[in-house]
Amino acid sequence: MPLQYYIYFAGLILSVILAALLLLESNKSVSKLPEAWRKTRPFKKFRLSIWFLMSYLFVNLISELIAMYLASNHMYNCFIYSIGQTIYFLFFLFFLYLYTNKSWKKFAYFILYATLVGHLVWGGYYHPRSIMSVEYSLLLNGVFFISCLFHLTDLLMSPKSDHFKFQLKINFIFLIYSLLGTIAATHWMYADIYADFSFQLQFSNAVLFYYVISLILLLEILKLRKKEVKNA
-15 MPLQYYIYFA
-5 GLILSVILAA
5 LLLLESNKSV
15 SKLPEAWRKT
25 RPFKKFRLSI
35 WFLMSYLFVN
45 LISELIAMYL
55 ASNHMYNCFI
65 YSIGQTIYFL
75 FFLFFLYLYT
85 NKSWKKFAYF
95 ILYATLVGHL
105 VWGGYYHPRS
115 IMSVEYSLLL
125 NGVFFISCLF
135 HLTDLLMSPK
145 SDHFKFQLKI
155 NFIFLIYSLL
165 GTIAATHWMY
175 ADIYADFSFQ
185 LQFSNAVLFY
195 YVISLILLLE
205 ILKLRKKEVK
215 NA
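Residue numbering for the sequence shown follows our numbering, beginning at -15 and increasing consecutively.
One or more hints might be untrue.
As the list claims (entries may be wrong) - Computed cross-link-like contacts, DSSO-like style, restricted to lysine-lysine with a CA-CA straight-line distance of at most 30 Å:
1. Lys89 x Lys144
2. Lys12 x Lys210
3. Lys29 x Lys207
4. Lys12 x Lys29
Said to hold, decoys possible - Label-pair distances were calculated between CB atoms; the ranges are:
5. Phe181 x Phe91: 35 to 41 Å
6. Arg31 x Gly108: 37 to 43 Å
7. Ser87 x Asp180: 42 to 48 Å
8. Met59 x Tyr(-10): 18 to 24 Å
9. Pro26 x Leu(-13): 38 to 44 Å
10. Ile71 x Leu192: 20 to 26 Å
11. Arg209 x Ile130: 31 to 37 Å
12. Tyr81 x Ile50: 25 to 31 Å
The set of hints was computed from the structure by calculation and includes no laboratory data.
The structure displayed is predicted, hence computed values, not measured ones.
Glycine is no exception: its CB is placed at the ideal position from the N, C-alpha and C atoms.
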């Protein structure tokens, strides 16, 4: 396996580990607070949001590992990505849902998810011999982007809300990731000319995404530990 794939998987595994550590650290920090504070809505929402984010990353990791195994054995693997995206995108929407206040936006998440799954079913992408199309890649990145925009507009209406900065950082990285993914997918439509550029952009985008996510999670862990030291 080329070195660049090891770098990619290292970033993905690191993000899963740091998400799990952040969840443990948040549980640890909350356990030292008075019982009445532990049961407040903001603390519950934050820990649940980390759990959804960790689940998103973990399912992504598992689907990538299975797909890589199938590819190394010269077997079709696109249906693995279809199944993985069906699961992990749901966790991602749950993550956004927690910090979205407008009811119509919450309903819009359901519509976007139904559109994505409907396209997978209609296009036969769950079949073991299916092959992903450029159109599906554009749809997937578009759904990610629109979902993040809905979430962002809700966040900006309450800048003093709990864990605002953390949510905003995660939102921005997903926005940039989906935007660059859309640009890469668009260039795939002219594969004869831009094939190498599209692949490098898509791959670099994914690698950068997981390492930046890891950095955000690490900073949040350090922030919680710093609070623990102050409260000790």
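Now the hints, each set against the structure:
1. Lys89 x Lys144: holds, 20 Å
2. Lys12 x Lys210: At roughly 13 Å apart (the allowed maximum being 30 Å), Lys210 and Lys12 satisfy the hint.
3. Lys29 x Lys207: holds, 18 Å
4. Lys12 x Lys29: holds, 15 Å
5. Phe181 x Phe91: 35 to 41 Å: holds, 38 Å
6. Arg31 x Gly108: 37 to 43 Å: holds, 39 Å
7. Ser87 x Asp180: 42 to 48 Å: holds, 46 Å
8. Met59 x Tyr(-10): 18 to 24 Å: With Cβ atoms ~21 Å apart, the hint holds.
9. Pro26 x Leu(-13): 38 to 44 Å: With Cβ atoms ~43 Å apart, the hint holds.
10. Ile71 x Leu192: 20 to 26 Å: Distance hint for Ile71, Leu192 holds at roughly 23 Å.
11. Arg209 x Ile130: 31 to 37 Å: holds, 36 Å
12. Tyr81 x Ile50: 25 to 31 Å: About 27 Å separates the Cβ atoms of Tyr81 and Ile50, which means 25 to 31 Å holds.
Violation of the numbered hints given earlier is absent; every hint is satisfied by the structure.
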